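Could you put together the complete structure from these sequences and hints?
These protein sequence lines map, in sequence, to chains A and B. According to the working numbering, numbering within the first sequence proceeds without interruption in unit steps and concludes at 1545. According to the working numbering, numbering within the second sequence proceeds without interruption in unit steps and concludes at 1545.
Think of the hints as simulated: they come from the structure by calculation, not from any bench. Because the structure is a prediction, the values reported are computed rather than measured. Any given hint could turn out to be false.
A pair holds if it fits inside one copy or across any two, identical chains being indistinguishable in the list.
Unchecked claim - DSS-like mimics (lysine-lysine), calculated; alpha carbons at most 30 Å apart, straight line: (1) Lys-1491 x Lys-1411; (2) Lys-1325 x Lys-1206; (3) Lys-1206 x Lys-1411; (4) Lys-1325 x Lys-1491; (5) Lys-1325 x Lys-1411.
Number of protein chains: 2
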Amino acid sequence: MSDVSDVIRETLDGPWARVRERARTQTEPGRFGPPEADLPIEEYRARVHDQLLDLASLGFAGLGLSADQEGTDQGASVTAFEMIGHGDLSLFVKAGVQWGLFGGAVAALGTARHHELYLEPIAQARLLGCFAMTETGHGSDVQSLRTTITHDPATDELVVHTPDPSARKDYIGNAARDGRLAAVFGQLVTADGTGHGVHCVLVPIRDEAGAAMPGVLIGDCGGKAGLPGVDNGRLTFDHVRVPRANLLDRYGSIDAAGAYSSPIASDGKRFFTMLGTLVRGRITVGAAAGSATRNALTLAVVYGLARRQFAGPDGQDVVLLDYRAHQRKLLPALARSYALMLAQNELTAAMHEVLHADERADRGGAEGVEGEHGPGPGERDRRRLETRAAALKVANTSHASATIQTCREACGGAGYLSFNRLGKLRADTDVFTTFEGDNTVLLQLVGKSLLTAYADQFEAMNHVQAVAAVARQAGEALLERTISGSLVQRLVTGSRGRDADDALRDRGGQLDLFTDRERHVLETLAGRVRRARKDDPHQAWETFNDAQEHVLEAARAHIDRILLEAFAAAVDSTPAGPARDLLDLVGDLYAASTIEANRAWYLEHGRMSPEQAKDLTRHVDDLLVAVRPHVRTLVDAFAIPREWLVSDLLDPLTSEEVAASVSAGPAT
Amino acid sequence: MSDVSDVIRETLDGPWARVRERARTQTEPGRFGPPEADLPIEEYRARVHDQLLDLASLGFAGLGLSADQEGTDQGASVTAFEMIGHGDLSLFVKAGVQWGLFGGAVAALGTARHHELYLEPIAQARLLGCFAMTETGHGSDVQSLRTTITHDPATDELVVHTPDPSARKDYIGNAARDGRLAAVFGQLVTADGTGHGVHCVLVPIRDEAGAAMPGVLIGDCGGKAGLPGVDNGRLTFDHVRVPRANLLDRYGSIDAAGAYSSPIASDGKRFFTMLGTLVRGRITVGAAAGSATRNALTLAVVYGLARRQFAGPDGQDVVLLDYRAHQRKLLPALARSYALMLAQNELTAAMHEVLHADERADRGGAEGVEGEHGPGPGERDRRRLETRAAALKVANTSHASATIQTCREACGGAGYLSFNRLGKLRADTDVFTTFEGDNTVLLQLVGKSLLTAYADQFEAMNHVQAVAAVARQAGEALLERTISGSLVQRLVTGSRGRDADDALRDRGGQLDLFTDRERHVLETLAGRVRRARKDDPHQAWETFNDAQEHVLEAARAHIDRILLEAFAAAVDSTPAGPARDLLDLVGDLYAASTIEANRAWYLEHGRMSPEQAKDLTRHVDDLLVAVRPHVRTLVDAFAIPREWLVSDLLDPLTSEEVAASVSAGPAT
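Now the structure itself:
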């Protein structure tokens, strides 16, 4: 590995580099990786179960869960999960269910007695559990779950029930084989018949021996397109009774007299606060999608540098990565993977701050929950975090699906063989685009949240300020930056006054182009939804429905911009030298290929002339030629241990071997 | 099924409707479909082997193969394969290898004695075989295969040999388990050491009992990302001797004295003629990709019409397909599937004509091969067929990958379960984009072939004609139409003189827009490659390499245009009435969404103003609203028997059941 790739690796490794380094030493082949051959589903499940216990024995879960939550390091925990994403994704999901979702629900929604009772055995994997939220009829619209949790004052118990087939808990990880206790989400109802919205209760689903508990019907989702080692199942409850103490009651409790109380009066606000505490899961999925994509890119790039096809002008077969079409397939995707990894590091750090600030507030006796009247600073940070988490979850997982597929195709028939991993990476990550929040629904959430932030800021200004802000092309106002204002200022100021054609060649100019697109899409969207009439729900619904594509476009523009900001900050923080220059070049490729992909927008909105658009394609081609010699360095900087990439794609016949056999001529 | 869908079905069914209808009666669940549960690989292979014998017993293969080739109906054969594409794709590929590739090689490259000896047992599946073309080191560049077939005059045998590891035959269907005889492609060398280019020889690889023949090393490719029922394997030959008579010698033979002769003098020309006779396989893969995509669209549309999520303005949860974002995912893809099916029907008919014309020429004593000096009319037809086959193979298979994936995501978690088929359809069709010709390589072939045809026509004109042709915006000249000139004339003339904004709303105007794009891309490409210097191979190679994206773009524009032409012809041939109106509307959606996807081009080249581009998006939205009520009719017209679509997605809780359970309120 070159010095350059070492320096780049340091930048990519980010704040929790030590967690990555520690993981890189646990490289016994197969220990946390996939099996060498396809296994029958039950053997696969058993294998992943054992890997989970092995992870637990290393203290893996303690990073994110501990009885007092003080000893945790949330950033380290997410980074550790990200590293598992380089291994078997079935194990990643199994661990995510056990510690991230199930354990996370107990930690975030429970109170001291739950923490004391459960967190230790959960962390040690002595108690395996499920996160039973999704129902057959409601996945995205969790607020409309139909499972009921009804308090019976006669016995002071909660009665958990599945009222109809659509309320069956579905696709639940750990349910079909291993789970003993489930965190079940449903509508909490007190004896007076009042509903209090969605809450979470712990329900034993199997006894020690593994038999289903009375009243609990357990089904098996069977084979899936991927993730064969995860035992997804279905849970149906027939008036199952648990003690009142099983209610995870941080945000809503029932007292001995059967009365409900909550620090948050509004059901809706409480619901979104509860969901918000689970943000870590969404961040982790995006992180692991990034790892899987880097595995795939490493395989496809190494293969593309060794494999040759069709004779070139000198009679030698040409290396695949010397073809422009092959470069176009892999290099812009590689540049985007860089941007995503850098942005994900910043998101992990932001999450670390917000979760630990929450915890400090809890310890300090503050309730950690804002009042009913407008968001306080802590709540604003949490909202911002949720939007960014949703944005990067979508960005990482959709990039994973598209890029791993491209890598598979770039390796032809070899890419289709199980042993070579790409098909498995593709199939395992596939569901990432629709679980932990469906990507389309999440993009809408991001778009709407940007719209709200925009409207809030707009309303806070007086008329003159507003007109001035809208008039400013660069859009410094109204958009929240994800990097320091002084860096933005430095970059953008440096680029002002240059020729328009040069904007693309300069980070500040690129930022202007990205920001302009986001701001304008958002602004026109705001104008459009202002037409929704509050007094006419049908008209309002139609207005929003017609604008769906516009909302998605706003979210996509936002994602592109925050990725570029992360790139700008990372280049800025890398010591001057060839590594920084190379990172800068990859940033240029990310920027140019993103603008090229969206050039219809720039043309439609008069931001670019037809001539400039055509130049853009040549500019991207020039960048591909410039990046091409460094492509091995760039995948080496991902520093994925060789043992984690078991695949013949890393050992194709080398170009030297083929050349040697060719020069020897056919033996007859 | 409505009358409208019946009429549309008749148009979609095309010339071999009777083959489709017969297949639709063979609907015993599972007979030609996938197993209900995932099977271990060896059980899966055994199952598909048995299904193959079952197919043979129905006389399936006789449509495409018979000892005298007179009794065949090539169009019916390809259509029958297309129908198998609705079932298990492992069976489709297994049958394609046995009858299409292995049997097809014997039929097309062999002569009377091979036909008499082998075609009957191959058709009856008493003799199972392999098509051993691809090598580990050469897949796309078949002309550079390294396996050698050397004549030994001492024994009058051919010696088949694998000279180095890169020459190993790889990914060969039927090789790992079932094949007895292999059609092996390699470099034919006569005793004097002269190479004659790639030829095909029949090599026994297993004895009756299934043991590998001496000198034949058989490997197993093991698990793959999909197609688990196909036993792909590897073949290495160590000086394996077969009689000289085993050479498939239609295009090149060795006489008893060891002298080589061929009706085609040039090695290169002979090679491409031999490859050209195998065009049927490529056409069949595109056809089956279309079937698989229609399966997926049927599942996703039916699910999207039943599944509801998030309350609408009336308090009821909204049907997924009423969301604009969901319509945008599925309906343009559905429209393109229509276009592809119609274009595929025309391709099948064209292939039928060309192959039977060949056969008639053979029977008439003509050699069916053109001379060395320029293409004759028969050869021109074959070349045109090859270009179209490559274009539609790419179009169908890339659409399959993208659309089946979209359908999977549109069904959320349910779409990920094996039982619901979408993951399996996705995984099985995945390799279609890289086998039977890698899509990127094929697109280049299409682009280059368009360029050659363009240059030929251009050169045939005098200077004044050429200038006039280039000046004509509509590009009537220089592009070969796939539909009758009189229909084009009628449509285009009808649209002339209208307002530019109306062009989009009228088939003739749409055709102009599509043709204009193809012509201009091709024209500028021609200008660009003219700069390649014949005296400087390095400069010429770089010029072509730099233009790769441009070549691909030309091919894509061509595909879009021939799909629109097929739509125009199909609407024209459908009896006037509501079915024709609906088909016309779907054609408008295909046209508008394709132009929208390529609007950057129209903007860059001044074909569209920014305002028109923005209107376009509204126009597509209007078409989605217009198509939405008919979406069930449109998938019903695919007429895929219910028994072939075993999946819970067709039986989600109906909206009525969910509504009933909601109005009953939660039971507690």
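Evaluated hints:
1. Within a single copy, Lys-1491 and Lys-1411 get their C-alpha atoms only as close as 45 Å, which misses the 30 Å cut-off; across copies the closest is 27 Å, which meets it.
2. In the homo-oligomer, the alpha carbons of Lys-1325 and Lys-1206 lie at most 30 Å apart only across protomers (20 Å), although the nearest pairing inside one protomer, at 33 Å, exceeds that limit.
3. Taking CA atoms no more than 30 Å apart as the test, Lys-1206 paired with Lys-1411 passes between copies only; the shortest distance there is 29 Å, against 47 Å inside one copy.
4. Proximity of Lys-1325 and Lys-1491 under a CA criterion of 30 Å is satisfied inter-copy only: 22 Å between copies versus 34 Å inside one chain copy.
5. For the homomeric pair Lys-1325 and Lys-1411, the shortest alpha-carbon distance inside one copy (17 Å) is at most 30 Å, but the shortest distance between copies (58 Å) is not.
The structure fails none of the hints (numbered hints given earlier).
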